[in-house]
Amino acid sequence: MPAQAYYGPPPVPMAPTGQPLAGFGARLGAYIIDAIVFSFLSMIVMIPAIIGIVAWAESQASQIETDPVTGQITNSPDPGTFIGPIILMYVGLFVGLFALSYVYYVELFPSRRGVTLGKRALGLTLIRLDNPSAPITRSVAAKRWLMQYVVAIFVPFFSWVDGLWQLWDKPYQQCLHDKVATTVVVKVNR
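According to the numbering used here, the residues represented by the sequence shown are 87 to 276, in order.
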């Protein structure tokens, strides 16, 4: 006897706990919300830092003296003492934003509540595949962060590959950072 064809919607993919897995749209929405929140937090750090860099550069530029007749520069600060501190300030700003990223994605939300603000807003949560009833620990959140953000600094287009990986991953629709941390994103029944 031939098998009957099934014409209904495809079955909803499920986590080992029986909860429905989060779809691509929900995860993308959560990522966008988190990016907006993180951008706002970054501005709180960046605006004063950039104002400080500009003020310092302006103070150095005010030391430049020109000949009133020829308009040529007669006295100026050494380029190394002018450019070097600006580069150090930008490196410090990068390190500060990197640390802020760690705090937001590891310390502040996932390791305390299990999810970031974006996931919470869209009714998503993380569960561990190795022990679904266990909470998301700092080490699990750090593995996700390292794979999602740190590797992306060094590997071109990694963020795209990581985020799109869930579209063809079976059976749990995991991104690469989920695979490393052995987590899966599920919908929370509200």
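There's no promise every hint is true.
[Stated by the list, open to error] In silico DMTMM-like pairs for lysine to aspartate or glutamate, Cα to Cα no more than 25 Å straight-line:
1) K265 <-> E193
2) K273 <-> E193
3) K265 <-> D255
4) K229 <-> D216
5) K229 <-> D255
6) K256 <-> D216
Bear in mind the hints are in silico, worked out from the structure with no lab data behind them.
| task | Could you tell me which of the numbered hints above are not met by this structure, giving the numbers in increasing order? | result | none
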